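The task is simple: from the sequences and hints, build the whole structure.
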Amino acid sequence: MTLDSKLPSGPIETAWQRTRFDLKLVNPANKRRHSIIVVGSGLAGGSAAATLGELGYNVRCFCFQDSPRRAHSIAAQGGINAAKNYQNDGDSVYRLFYDTVKGGDFRAREANVYRLAEISVSIIDQCVAQGVPFAREYGGALTNRSFGGAQVSRTFYARGQTGQQLLLGAYQALERQVHEGTVTMYPRTEMLDLIVIDGRARGIVTRNLITGELDVHIADAVILGTGGYGNVYYLSTNAKGSNVTASWRAHRRGALFANPCYTQIHPTCIPVSGDYQSKLTLMSESLRNDGRIWVPVKKGDKRSPDQIPESERDYYLERRYPSFGNLVPRDVASRNAKAVCDEGRGVGETGLGVYLDFSDAIKRLGRHVISERYGNLFDMYQRITDEDPYKVPMRIYPAIHYTMGGLWVDYHLQSTIPGLFVLGEANFSDHGANRLGASALMQGLSDGYFVIPYTIGNYLATNKFPKADASHPEAQAAVASVRQITDKLLSIKGHRTVDSFHRELGKIMWDECGMSRTAEGLKKAIGQIRALREEFWQNVNVPGSGDDLNQSLEKAGRVADFFELGELMCIDALERNESCGGHFREEYQTAEGEAQRDDEHYSYVAAWGYRGPGNAPELIKEPLEFDYVHPSQRSYK
Amino acid sequence: MSASTAVTADQNRAPGFWQSTNGKKAVMAVTGAIMFLFIIGHVAGNLQIFEGPDKLNAYGHFLHSIGEILWVVRVVLIASVILHITATVQLALRNKAARPVGYSRKQAINSSYASRTMYWSGPIVLVFIIFHLLQFTAGYIHPGSQFIEGDVYHNVVAGFQVWWVSVWYIFAVSLLGLHLRHGIWSAFQSIGYNHPRHTPLLKKAALIIALLITLGYISIPISVLLGLVK
Amino acid sequence: MKLTLKIWRQKSRNDKGQFVTYTMNDVNPEMSMLECLDVLNETLIEKGEEPVAFEHDCREGICGSCGFMINGVAHGPERATTVCQLTMRHFKDGQELVIEPWRAKAFPQIKDLVVDRRAFDRIIASGGYVSISTGNATDGNTHLIGKDTSDRAMDAAACIGCGACVAACPNASAALFTGAKIAHLGILPQGKPEQDRRARGMVAQLNTEPFGSCTNIGECTGACPKEIPLEVISVMNRDYIRASWKKRDDDVRTVRPVTDWSLSSKP
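Top to bottom, those sequences are chains Z, H and S. Residues are numbered in my numbering as their position in the first sequence, beginning at 1, plus a constant of 34. Residues are numbered in my numbering as their position in the second sequence, beginning at 1, plus a constant of 1318. Residues are numbered in my numbering as their position in the third sequence, beginning at 1, plus a constant of 4.
Bear in mind the hints are in silico, worked out from the structure with no lab data behind them. Accuracy of the hints is not assured; some may be wrong.
Unchecked claim - If you want the footprint, here are the derived chain S segments under chain H, 3+ residues with CB under 8 Å: (1) 71–79; (2) 97–111; (3) 216–223; (4) 231–241; (5) 253–260.
The structure presented is a predicted model; accordingly, all values stated were derived computationally and were not measured. Don't be surprised by glycine CBs; every beta carbon is placed ideally from N, CA and C.
Set out below in C-alpha cells:
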C-alpha cells in the first residue's frame, strides 16, 4: 500500500488557493440531500458541524458529554496564534509557517503547515465576528502575547480562557444551526464503531449513554473531531473523558494511525501530590513570559525558596538558551526540567518540581499588571495548592498534554478509508513531532471552519452514495461487534476496577514511553502492556448493566482501546531510532543532551495499519520533503 | 429515525410579554413604583397630625374636595394592587412548580433577609391595608370609639389609643418597610437598570428610604400611645 | 481526616431515591471533592456495589460538567470554586457532608448526582449567538472595542453553564445563565444588530422551559463559580423590555422542552 497524500505541486504560497479551485463543488440545491456525521463537538468537530450546516448539508453531530459546550477544547488557556502582524514585529504567514515546521522538528508536511499559517488570519476574523471577547488595548485594537518557540508576539487570547471562548463561539454557531434545523445534535452519545460499506465510511454505531441503546447512523461521509489520546497515560492534562475510542475503532476498520509516539509534554503543570490524583492541572505556558524558571544549584537543597540567595539559584533555561530563555519550545523546557530533577535538584515534597518565579516581574511591572495578565491562573494555583504565587514561587512539573500523532489524513483531511475525514488533534497532520504553544486551537478551527467545507464537498460531488440503512449487513456486523465487547466487559466481573488498570497502564507508559525513551524500556513496556491487557480481559470488574447510565462501562471500553494504542505507541517509538520533538530516545542525543534527529533514515511519517488482534501492525511510510524550510538542528540558544 | 435525544424539536409560538416571567416582573416593578409614590404621599399627609387637628382635618377635606381626581388615583392604585398581586401569585405558583423535589438542606449565602421574606411580608401588608381602609377610610371597624366622618384627627387618635390596633399597625408597617427595602432597588433591576457603582448606592438609599418611611408611619401610633398626641 | 458522606442515590428518573451514608476514614486534605468520590467509588466497586454516578470532565473548573450541593450550598462552601477544584482541606475532620444533585424541574434527574441540563442548550439555540456564517467576517480590527467594553463582555462570557445558578436559586430560575449570554453578546458591537431578536428569542425559550422566575435576590451570583454579576439579569430585562416594545411582528419561535433520551428506532 502506498499513501497518496494529495499534496499540491507548485509554489506553496498559492497551493491551497489552487487546490480549492480544483475541488469539485456541490450544487447548493443538492447540499441538503447529503448527510454528514460529525463525531465530536470541540473546536474541530463543532466548527465543522456548524459550517457544514451553514452551507446547507444535513448534519448530525455526536458528543459523549451532556452538551457540545463541554468538549475538552474548552480547557485551553493560553491563546491562539495568527500571523496578523498587528504588533508590527516582523510576523508573516511565512514566519508562522517557518516557526511551526521548525518547532515540529521537521516532521510535519510543509504544505499542510503553510495552509494552517495562511488560514490563521481568517480564524481570528471569524472568531471576532462571532463575539469572542479577545483581549484588547485601551484604544480598542486586539492585543497579543508571546508564546514559546516564537520571537514575535502573535498569540491572541481571552484572559486565561481562550479555549473556552473560542469553543463557545463554535458552540453558539453550532446551536444556531440546530435552531435552523440543519444540524441535529446528539449529546451523551458515544461512537463505538465505524460502518464501512463497499470500502467507504458510511456511518457509525453509537451507544446512548443514558439508555444504553445501540443505534446505527448512516450518512454519506463521517468526520471525526474526537481529540487526542493523552489519557493513555492516565495522568495528563486532558479531561477525564477524553479518549481514543472513536479513532481507534476507525483504525481497526482500516484507517491508518500515524506517528502515535509523538506526544507532547507540557512543561508547566502543577506537580502530582498523591496516589489519589486523578488528573494534572495545566498552568498556561503564557506564564513563562514573565515567570523565571529555576532550581537550587545544590542537590537536595531543602531550604524554602526565599532562603535561597540569587547566587545559589540556577536559572537553567536562561543559562542554556540565552536567546529564547524561558520561552524555549515545550519539549525543550520539559526535558530540561526532567534533567534537573533527575540530578536531584528538584523542589517540593517529591523532588519532582521546579520553581516558576514571578518576583522579578512583580518588582518590575507591579502586582496589578501580573494580576491583570495571569490573575485567574494564580487563583487556580492557590485554590489547588494553598500557596500564594504572588509571594511564593509556583512549583511546576511537566505533564502529558497533547498528542501530535493521530489518524493519518491526506491534504484533504481524508483518512485511508474514503469518506472518513479526521480533524484537529485526532489527526496527525500539522504539528510534526512537537506542537508549538497556541497552535492547537488554530489547527482545530482551521480544519473545521476553513478546510473541511471545501474538501468534503469534493468528496461528495465526485462519488455516488447508494441507499443504505441500519439493516445493511455491514451495519449489523458493526452493531454485533459493539454488543459483543459490551457484553464481554460486563460479564467478566473480576476483582480489579477499571481505574486500577488504567493507572497501571499509565505508569508503564509514563515510565517507558514518556519524556524520554530507550529501546530496552520500550521492549519491556510492550511485554508489560500485553500482560496487563490479558489480565484486564480476565479480571476487570465492571459493575452494573448495559442498559442505563454506567460510567464504569464507558471507562472500561475506553481503557480497552488504550491498551492497544499504548502498545502501538511503544512499537512506533521503538521503530523510530532517532530523537525528534516530543519523541526523545536517550540513545540519540547530542553531546549537549539535545535531541538528535536522523533525517537520512527517519524523515517520514510512520503510518500503522491494523492487522487483527495479536498481530504485529503494518508500517507504511510517507516520506517527507522539505522544499522551503531546510532541516537543521533546532537551536534556541 | 426520530431524534429525541437531539436538541431540535417542534417549534411553538413564543410566550407574550405578560406570559413571560420577565414581563410580569416589569409590571410588578412599575405597579410597585406607583404604590411607592402613594406611600410617600400618604406618610407626608399623615405627619400633619403633629401640626394639630385643624391642619390634618383640612388636609382630609382637601382630598375629598378634589373629587374625580381622587377617584382616578384610587382606580390607578387599585389596578396596581391587583396587577402586583396577580403577577406575584402567578410567579409564586410557577416558582413552586419549578422545584417539585426540594433540598434536604439549603443554605442561603448571598440574599438579604428582606428579599427572602417578600412572599409573606407582601400578603400580611395586604391584609393590613384592607383592615386599615375599613378602619380609617370607611369606618366599618373602629374599635374603642365612634368613627366620625370628616374628623380625621379624632378617628386616628381614638383608633390608636386601642393598644392592639397600634401594635398591629406598627408590625405591619415594619413589614412594609422590609418589603420596600428589597422592592425599591429590585424594581430597578426588573426594568433593566443595574450599574456596579450606582446599584450599591441605590441599595443603601433603599434601606434609608424604607427606614424613614417606616419611622414616619409608626411615629403616629407611638405618639398616640405615649400621649404626645391627644 | 475522617468524613461522613450522605449522598443522594437514585437509580433512574422514576426511582424514588434516598440518601445513603458512607464513612470515609482516610481522606487526604489535598484531594479534590471529586477525587474523594473517586476513592469512594473504588471501594464501592471492590465491594461489589454500584459506584456513585456524578458528572465530571475537565476537572479544571472550566467545562461546567461537575456540580452538586454540599450541605445546601451549590459547589460547596468555597466561593468561585467548582467541586472539581474544591480541596478537602476546606472541611473539618469528622464533618458530615450532605451531597445531593441540582434540583429543578427543568433539570430532570438522570441518576444519582447526574441531571439533564439540555434546557441550557435550547436557550442558547434560541438566539445566543451572532448570526455570522463562516467566511463573512471582516478584519478583526474593523471594530475597535474599548478595553472596558471588552472586559465587561468577557466577565459575562465566562459562564461555564454548570447550572449552579439554577440550583442555588430558591425559584430554580435560569435568569443568570440567560442574562450572561445576552449581556456578553449585547455589549459587543458585533452582537448589536441582533440584540432585540436575541433577547426576545432567548427570553421566550427561558420561559418555555419550566424554570422559575427571578426575584432579584442574588443567590445565583453567590453560587456562581465564575462570579457572573447580577447586572447581567438587568441587561436581559432591559433588552427584553426594549425589544418587546419595538417589535413589529411575532416571528419568534420556541422549541418544546424534551426530557426523553431514547431514540425510537432500534438497529
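Hint by hint, here is what the structure shows:
Counting residues of the region 71–79 of chain S whose C-beta lies closer than 8 Å to any C-beta of chain H gives 4; at least three are required, and the coverage claim holds. Closer than 8 Å: that is the beta-carbon criterion, and the region 97–111 of chain S has 6 residues meeting it against chain H, so the requirement of 3 holds. Note: the region 216–223 of chain S has 8 residues with beta-carbon separation from chain H under 8 Å; the three-residue rule is met and the coverage holds. Here's how the region 231–241 of chain S fares: 8 of its residues keep a CB closer than 8 Å to some CB of chain H, so the rule of at least three is met and the hint holds.
Given as covered by chain H, the region 253–260 of chain S passes the check, having 6 residues with a CB less than 8 Å from a CB of that chain where 3 are the minimum.
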